[in-house]
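Chain B: place on chain A using the hints.
Each chain, written out:
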Amino acid sequence: EAQVTQNPRYLITVTGKKLTVTCSQNMNHEYMSWYRQDPGLGLRQIYYSMNVEVTDKGDVPEGYKVSRKEKRNFPLILESPSPNQTSLYFCASSFAPPSGANVLTFGAGSRLTVL
Amino acid sequence: AQSVSQHNHHVILSEAASLELGCNYSYGGTVNLFWYVQYPGQHLQLLLKYFSGDPLVKGIKGFEAEFIKSKFSFNLRKPSVQWSDTAEYFCAVTFDRGSTLGRLYFGRGTQLTVWP
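Line by line, the protein sequences are chains A and B.
Add 812 to a position in the first sequence, counting from 1, and you land on the number used in our numbering.
Add 31 to a position in the second sequence, counting from 1, and you land on the number used in our numbering.
Just so you know, the hints here were simulated from the structure itself, not pulled from any lab data.
These numbers come from a predicted model, not from an experiment.
There's no promise every hint is true.
Ranges of calculated distance between the beta carbons of each label pair, as one might list FRET restraints [unchecked claim]: (1) 92(B) with 839(A): 19 to 25 Å; (2) 92(B) with 882(A): 32 to 38 Å; (3) 46(B) with 882(A): 46 to 52 Å; (4) 825(A) with 101(B): 20 to 26 Å; (5) 927(A) with 89(B): 44 to 50 Å; (6) 39(B) with 828(A): 25 to 31 Å.
Think of the CB as a built atom: it goes at the ideal place given N, C-alpha and C, for glycine as much as any other residue.
With the rest of the complex left out, here is chain A (with noise of 0.2 Å):
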């Protein structure tokens, strides 16, 4: 089945202990991004990544890096996670920039609270 899956679903942890968030997609995209979405502010792009090692930030990069080592993979890594990044994260991926014809295909997404 085609999908973009992200891990975990579900995380608590506290101030400053390093994570990352993995994603990974079947569909042979090239084009990968990461969104936060938080209540009334809709979903704001963090990073994306037009191929393997070309990525780019978005509107809200601070606190963030991602690599794209592969092509099926964008991990998402909080180095110092701080409690205004608790949030929900979707990633998500098409086959180029979304455009008409490049309809983006969301991941499950991963709710992140920071105590």
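Just chain B now, kept in the frame of chain A:
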């Protein structure tokens, strides 16, 4: 800067009522427009999209949207809502400017609650 606005934060309707959710964007060039739906506890699903051709587009579950270029709008409509339409709805836009290539911008979302 490019932006996407959804005017209604929370809409409450009774079943069989008609629905219209507003979406406006700020850019005079070529855009691609999307409506996504997020049912409680689930990920985003595409309802419909517009990128060219007939400005009235039909999507899944009886939804439709009309692109009005002169008004920079892409409003979502449904003639008769059902309880199962209770969800959060997001308008999203891509802009064809070089600095924004690869970016999909979302509105803040509209929570729709339908009472049976």
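So, going through the hints one by one against the coordinates:
no.	hint	result
1	92(B) with 839(A): 19 to 25 Å	24 Å, holds
2	92(B) with 882(A): 32 to 38 Å	36 Å, holds
3	46(B) with 882(A): 46 to 52 Å	48 Å, holds
4	825(A) with 101(B): 20 to 26 Å	49 Å, violated
5	927(A) with 89(B): 44 to 50 Å	46 Å, holds
6	39(B) with 828(A): 25 to 31 Å	39 Å, violated
When the structure is compared with the earlier hints, violations turn up for hints 4, 6 and for no others.
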